[in-house]
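Peer 1: All chains should be built: construct the whole structure from the sequences, respecting the hints.
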Amino acid sequence: MAALTGLERVSGADTPRPRRAWWRGAVFLLAGIYFLVPLGTAFWYTIHTPGAGVSLSAYGELLTADGFVRSLSLSLGLALATIAVVLLLALPAMLAVRLFAPRLRPVMEVLCTLPLVVPPITFVAGIGTALRGGTDLLAPTPFWATLIAIQDPGFPLVLVLAYVVLVLPFVYRSLDAGLRTMDVRTLVEAARNLGASWPYVLARVIVPNLRSALASASFLTLALVLGEYTVASLLGYQPFAVWIVTVSGSKGQLSVAVSILSLLLIWLLLLAVSTVFGKEKGK
Amino acid sequence: MNRTRSRGWLGALPLLAFFALVFGVPAVVLVAGAFTAQGRPSLANLSQSLQGGYLNAMIGSVRLSAVVALLGAVLGTFLAYAIVTSRRTLLREAVLTASGVLANFGGVPLAFFWIATLGNSGVVSGLVGLPSGSLYTFWGLALVYLYFSVPLMVLAMAPALDGLRPQWREAAANSGATSWHYWRFVALPVLAPAMLGGVVLLFGGAFSAYATANAMVGTVVPLVTLKIASALTGDVLVGYENIALALSLDMVVVAGLVMAIYLPLQRRTSRWLH
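Top to bottom, those sequences are chains A and B. Counting from 1, position 20 in the first sequence corresponds to residue 20 in our numbering; the numbering is continuous, with no gaps. All you need for our numbering is the position in the second sequence, starting with 1, plus 283.
Just so you know, these hints were derived from the structure itself, not from any lab. One thing to keep in mind: the hints can contain errors.
Interface residues of chain A toward chain B, partial, derived using beta-carbon atoms under 10 Å [claimed, not checked]:
(1) Tyr45
(2) Leu179
(3) Leu224
(4) Leu270
Positions of the beta carbon are idealized from the N, C-alpha and C atoms, including for glycine.
Peer 2: This is how it looks when you write it as structure tokens:
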């Protein structure tokens, strides 16, 4: 008897399926409206000028806009420098911790989580104050020139330093996942026993095995640096994201057009990450 | 090997030194500055940062983040459940990919999207006759923040919802449980860590957001990030820099408390993901 009631309940739970499908349709419809309408209207806003009709001129204007090339190339330069520095710092450190100093592992994990906890704006408050204080304090010493040099508006190295800290958590996760898929210790010991030098081991054994993790770390860094606004604007520099705000006052359509392009860029970068990882899984 | 082993940890040294310099020095400067007024150690900055307009801004930020986190969590969970139970794989993949893109879409471009849609000269606000300035309010900001918060919640919840086994539902039904009983006593307790983790993630994201708010509302809605920025860029009297540092310290404390809930939960959640 008990078994019979049980069976009835199961089939009873099955019958209201049409109602559940209706509920799901409503959720998708509302989500579709909420997420797609701003996308569509933003695009309409860039191509339609009241009284002048439809044209794609906002997108054509982009390339010739004052400051577009300069700010974009600055952002790309900062992104490349950040990728180089963060990988050169993080990869040897993670290998060293894995191979020789497992007791440092919790320290690394805390260090690589801290930048997530600290809001970027408080980080920039600290950096700004430290730079101003440091310039006064170090004025009589040669370090003063270094502090001035890293704040050069042409290529502000201080932003690279700050971005390395901000992307460290993401790079750490990505590399950690990559290192987990291979037997680092055996590979390294085998190569060393065969007489390979450390640089050779890194370049010919570790890096080829980590290709997809390194690629995804680089793409994530690129996406984060290209969109970064808080640190750059409060330290007074003008990379891409800050430039968009500057032009928005005079050229509304242009700034919205750039916003749409940046959404496309994020999509492409994420697509690249998932393809790289998808290939790895397929092997 | 022995010699390499003893020197091997030196590979971690550059990163540790870099971190101490670039993260440690600003952190020490921040804390020291927050506790210094007119060159002497004092609590004046901190007490001032918890009064009047500054306290309002902090409350505003916490309120906005809480509203966004709770609404985003509920809506995101519904959407994630709709995706997970959908049998159309194409739709499912499309929504998950879109969530990945939108969860990373923030900052200034996000603000411009909504200004073009519901701003004073926006396309939709003209159609529906929205009163001027409606977007540049507390709830307008919450609406905009949900644009990246809901997808983030979908990404956080989809694996957990996928982990709900149909056998549990059948077992509950066989034991005479109604749908409500199943959700109340089986599914929600299993999902609770993932949901709480998601709430914390959304709270943190909304709490530290600055670019979007700055591009949208300027100083109309009091938020702590906007106050810090205006104190830093010298819109206010000299000597208020240390107020910015005190406000920053307040923010770190709030964010740290919230994170302290999240980290242990994250470990518990991962148990259900496999």
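Peer 1: Restraint: A/Tyr45 near chain B, CB-CB cut 10 Å. Satisfied or not?
Peer 2: holds, 4 Å
Peer 1: For the hint on A/Leu179, does the least C-beta distance to chain B fall short of 10 Å?
Peer 2: violated, 13 Å
Peer 1: Please verify that hint: A/Leu224, Cβ, nearest Cβ of chain B, below 10 Å or not.
Peer 2: holds, 9 Å
Peer 1: Against chain B, with CB atoms and a cut of 10 Å, does the hint on A/Leu270 hold up?
Peer 2: Constraint on A/Leu270 satisfied, holds at 5 Å.
Hint check: a violation occurs at hint 2 only; the rest are consistent with the structure.
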